[in-house]
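What follows is the residue order along each chain.
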Amino acid sequence: MDTLILSRIQFGANISFHILFPTITIALGWALLFFKLRFNATRDESWMDLYRFWVKVFALSFGMGVVSGITMSFQFGTNWPGFMEAVGNVAGPLLAYEVLTAFFLEAAFLGIMLFGWRRVPDWVHTTATVLVAFGTTLSAFWILVLNSWMHTPAGYELRDGVVYATDWWAIIFNPSMPYRLAHVLLASGLTVAFLIAGLSAFRWLIGDRAAAVRKGLTFGMWLGAILIPIQILAGDMHGLNTLEHQPAKVAAMEGNWETRGNVPLLLFAIPDEEARTNHFEIGIPSMASVILKHSPSGVVPGLNDFVAEDGTPMHPPVAPVFWSFRVMVATGMAMLAVSWFTVWSMRRGRGVEALPKVVLLVLVAMTFSGWLATLAGWYTTEIGRQPWLVTGVLTTAQAVADVPAGMVLSTLLGYLGIYAILTLAYVGVLFHLARKAAKGELLPERPKSAAAIAVVTPAE
Amino acid sequence: MLDHLALTFADPGLYLPFVFAGLMGVAILIYVVFDGFDLGVGLLTPLATGAEKDRMIASIGPFWDANETWLVLAVGILLVAFPSAHGAILTALYLPVAMMLTGLILRGVSFELRAKAPAAQKRLWNGAFFLGSLMASLSQGYMLGMYIMGLDSTPFHIAFACLTAVFLTVGYSFIGAAWLILKTEGALQWKAIGWARGGIWGLVLGMGAISAASPLVSDRIWSKWFSFPELLWLAPLPILSGLLLVLLWRSLYALPRTDDRGAMAPFAYGTALFTLAFLGLAYSFYPFVVPEKLTIYEAASAPESLWIILIGTLIVLPMILAYTALAYWVFRGKATDLKYY
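Chains H and S are the protein sequences, given in the same order. In terms of our numbering, the first sequence opens at residue 1 and continues consecutively. In terms of our numbering, the second sequence opens at residue 1001 and continues consecutively.
What the hints contain is simulated information worked out from the structure, not anything from laboratory work. You may find that some hints are simply not true.
[Claimed, not checked] Under the rule of at most 27 Å between Cα atoms (straight-line distance), these lysine-lysine pairs were calculated in the DSS-like manner:
1. S/K1122 to S/K1191
2. H/K215 to H/K439
3. S/K1339 to H/K436
4. H/K215 to S/K1339
Let the hints inform the model, and build the full structure from the sequences given.
So, in structure tokens, the structure goes:
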């Protein structure tokens, strides 16, 4: 393997690991605010129990997001110097605004949000929670502006191969930005919905009947049931936007080789780039044309349109895009079925008690389904941008650093090892915290004796 | 030098790179002092008992996320204002950067996991917390040494960089100990005073080695310091440093006091020393951002883009400083156990 592919795998590994945590903290910050406001309105202690449990998950996820994010800012220089040299005039200010307006806001108020409860008036604590949640969302906004600009660049001119900004409004509100931002924020909401419901279902299954568990499960499933249809709609609109601006990506997602009408929606196929065809196709006739062009005879672009004169493909690798798209859609459909069935069962019967055990088991299995869908979606859109790093401006190969392949391989293996261990540790700790909470070990906050206060529990 | 500065401020294409180099310097300095003390606390944890470890980590708990953000800002300014320098420096420092990042990841994660994972794993995560702090400190010191040596990997340069790696690590332990003197009391404060007294030697040797080495490897730096009249108006820098060391020494031997007066002094003097050392380095290397190869004026982005960032920075930086100050004020006084409620 050469430096280019190793560097791409390394960047992919870093950003995949990183995105796991922001995708939780973005929506979890707002969920925590909701719990706190419910408590302030109702004085029902179980809302506070819910807050106390999930603020720990928030702290852990935030810390992991910060440290894995630092890696990202160095990767640009260590592995992709050509990126900033070519498009630094656009990417630079966007990254700078992310650090200045979002990172410091969230990091500075996080301390007060986590540990400041008894040190500041309640309204200051609530404000800190709002600012942290706002900061995480703002951070997502800036980074998605830059990411969208790389997919659908606008508002710039090229002089000697270097991009110069001409219209910041057009750069920020570039064609794919609103769709991508909506799609990612909704994905964060769904990730948190299934995370909260999944861990609550786990606590219920091991016998925890606390009101906070009931509230968590109900909250998660309602949130999921409300967001998933909106997400499917947003995803569809994002797809149509991609068709307009990056037709090669859509052709790869659909596994469609020739530009034609009556394109089937493939449920299964093995794309073969050598033979430029699919094997073992199973599809619904004309359905892709209906989805993309709203007519069975609608003409959908094919991959063979994106081949250079000398035969070099100028479209993304087909199989990874084709398959990750299907994994994302399948996960989304499972989310729709499970959340609607669960909410329907709870409404029909008497809340959580009415849920069959198998539903609870499915919810536990789907605790991290948001991660799966998010990663699959990222791979679809990011691999789908290849061979471009910035569409039509800069190819990935042009930007890569001239670092020996062996060096990249050694750091790549190091990162992969650490990421695997830490992801396992993270998942393990979440279930460990749930088990502890189920045993009532996380509730020393209603002190019964002086001894209880003296227990040393730093940063629990 | 002064003529040169006056000229600089007449032309926006020239003063913008200067301003951004200044901003980057401020961000690096704040990072070195702030994350320096929390890395230092991590380095000192093996010397403490279990309960003391908890208290030490509690003293940095509300701050470390924000402290590390200064590193992102510093490397961010390098990235956005001097993109070609960012590439040149970071590809030259590829392996130490990877080691630092690995260290920072280990550290940040263990910080959370040592308290949240099953109790049986606590020793493991304590170890990872120390190891992460050590990897981050050593690699930052190594990068500093390589940078001073002009980013060329000769055996002599690598040996020098290994030396600065050790010195910076001891320096961080010192500022960490000074932070603990400020934030703790009783037996732990006693211990921290001892650690700070031990760490001072690293500070002296490290600053001495860097001050001696950087003029020796570069004629340009030599002539910037040892020619007339520069020698005269630069003289306060070493004199002040010497004075601060004496004050620091005295303050450490006056502690602890029952009324806890002077507990802030070691940290304040230490910060002042770090600042002076940093100013000296900045003076040596100006106007180069990649030593002897690329000046800040050659490496700077287009002025239009720098303007956009500068406007935002001028509005936002005071706010950042204000809420950073707020966070330190809310958690002022001796560290207590961290509780989420």
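With a cut-off of 27 Å on the C-alpha distance, tell me whether H/K215 and H/K439 pass. Satisfied, since the Cα-Cα distance of roughly 18 Å is no more than 27 Å.
Quickly compare the C-alpha distance for S/K1122 and S/K1191 to 27 Å and report which way the hint goes. 23 Å, holds
Verify the proposed pairing of H/K215 with S/K1339, using a straight-line Cα cut of 27 Å. This hinted pair holds, its Cα atoms lying about 24 Å apart.
Compare the distance between the alpha carbons of S/K1339 and H/K436 with 27 Å, and conclude whether the hinted pair is satisfied. Holds - the C-alpha atoms of H/K436 and S/K1339 are around 17 Å apart, at most 27 Å.
Hint compliance for this structure: no hint is broken.
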